[in-house]
Amino acid sequence: MPKYENHTDFYLWKGFKNGDKDALNVIFRRYYPLLYSYGSKLTQDKILTEDCLQDFFLYLYEHRHNLKDVDTIKPYLFKAFRNRLFKYLKANTNLVSLETIEKNGLPIEFSAEDLMIHQENAQLQNAQIVPLLNQLTNKQKELIYLKYYNNLSITDIAEVVGISYQGVLNGLSKTMKKLRKVLAFALVSMLFILF
Amino acid sequence: MKKEFTNLKDFIKDVSFNRWILEKSEKDSLIWEEWLTNHPEKKELLEDAANILMGIQFKVSLPTPSKVESELELLHLSIAAKEAAYKQPKQIFGSLRSNRIWAVAAAIALIVATTFMMPYFLQDTIIEHQTAFGEFKELQLPDGSKVALNANSTLKYEANTPRKVWLEGEAFFEVTKKTDTGENFQVLTNDLTVKVLGTTFNVNSRNEQTKVFLEEGKVILEGIAVAQNTLEMIPGELVRYSKKDKKIIEKREAKALENISWRNGVIRFTEVPLSTVLKEITAIYGIQFDNKSNNSTDKRFSGGIPNNNLTIALETLKEIYGIEIEQQDAVYIIKE
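Sequence order for the protein chains is A and B. Going by our numbering, 70 is the number at position 70 of the first sequence; the sequence numbering is gapless. For our numbering, add 1000 to where a residue sits in the second sequence, where the first one is 1.
Hints were generated in silico from the structure; no laboratory data involved. Hints are all accurate, no fakes.
What follows is a list of derived Cβ distance ranges for each label pair:
id, chain 1, residue 1, chain 2, residue 2, range
1, A, VAL70, B, ASN1190, 51 to 57 Å
2, B, ILE1126, A, PRO107, 50 to 56 Å
3, A, ASP71, B, GLU1041, 38 to 44 Å
4, B, LEU1062, A, GLN128, 22 to 28 Å
5, A, THR155, B, LEU1062, 21 to 27 Å
6, B, GLU1222, A, ASP71, 56 to 62 Å
Subject to a maximum C-alpha distance of 25 Å in a straight line, what follows is the list of computed DSS-like cross-link-like pairs (lysine-lysine):
id, chain 1, residue 1, chain 2, residue 2
7, A, LYS178, B, LYS1043
8, B, LYS1251, B, LYS1279
9, B, LYS1067, A, LYS79
10, B, LYS1082, A, LYS14
Chain A is faced by these chain B residues, among others (derived, beta-carbon under 10 Å):
id, residue
11, ALA1049
12, ILE1056
13, VAL1060
14, ILE1079
Only a predicted model underlies this, so the values are computations on that prediction, with no experimental measurement involved. Think of the CB as a built atom: it goes at the ideal place given N, C-alpha and C, for glycine as much as any other residue.
Starting from the given sequences, assemble the full structure and let the hints guide the process.
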């Protein structure tokens, strides 16, 4: 069993800050895949995401002495990576200004392949969900993505995107209202089974 | 249940509600069934909360473990390259003040030379900056412009015209704008002239061609075999030109990282064959290769190698292309 595998995030992070390469490896292996899919969803550009992630982890390592202590690494990394990605996009593309991204978010696109098929009529259901998802604002899409793809808690999402708990909840609620017709079906059927 | 449920947060933070929706617990389902009968007006709110909790089921698609491992390896290489760079004595170039003293000294030398040794020194004094293989320098020119000179490169200019420089090899420029005089900055290579107002850009004149990457601002390429002999570049653009072939070999939008990452100690490649990487290593470290492998010629590489540590650079190549590298005297022989 490699070192750190059973440590809490707090000690793992401490190890990383002390320059321990084992801690770096554990963090990298654990979070690179998630950050990679987050980045490529946000930018729609896998090569850029790879470059930016290399740059991000190198930056973290070089500035490890100045990083704050954290109890949970995941939201911290998501937040820091998101900031880095926005800066990086500004430096490496001519198309977007940082203010525009910060104000409007990045244009996420969902496709039917993104959704899990979990019911018999799911294909039909997914076909209905995808266009509704893509009608959402970029920021709402990102909330959905962080919550249901990456399993971040509402508190963590609030930290990552820099809005309040209530703000995240409102965003999710608006989305769910929009999807109501399609999703409510699932709940009604569930209530029906349970009652 | 005594608790009030008046908004979404009340539901979402409730343990029993979570258990019911997410774990489908039977005990909780009875509780909520009863609750809903007593609060039919809250049905919609409850459904919204349930939908938020259940959400949308995404299919999770992650990079393969081997991809993650190769990226982790690349990260360790970059860290090693950075740490090696810190250990080298850092070249410190004088402030503007000492540069000025130096310029005055050069000017005095020039006057002395032109007065007393006229027959011998008809030409202007040439200032030359050179980097050895594996070396990297940062310079400040008398006009305040900054130049990062990559390994195995030479930058020359005449003392009285420091805004007109000759480059062999590769350099990154950060040019100060002369708003008062509007005077251009020029970089001359064997292939072309880059004419600049005030901007940051990279020039690479290796392998009998010149590659210019414009990061910011505006530059004009002169002396090239296209209509009007000039070409105006836009930021983010990369142009590769060969005088020998009299044509533009490449013109596209490019990322800053792959063009100027050498300044951070890493040469970055995107989808390139072994032959391209070998040329670059020859240019930077000054070693000769004899490529006796054949199956690796079409294999493409994306990633980085350090520009100040030959051992790591060669190790990376071995691993990525699956080749053996054997040193025989001054030549590195590449085998399958």
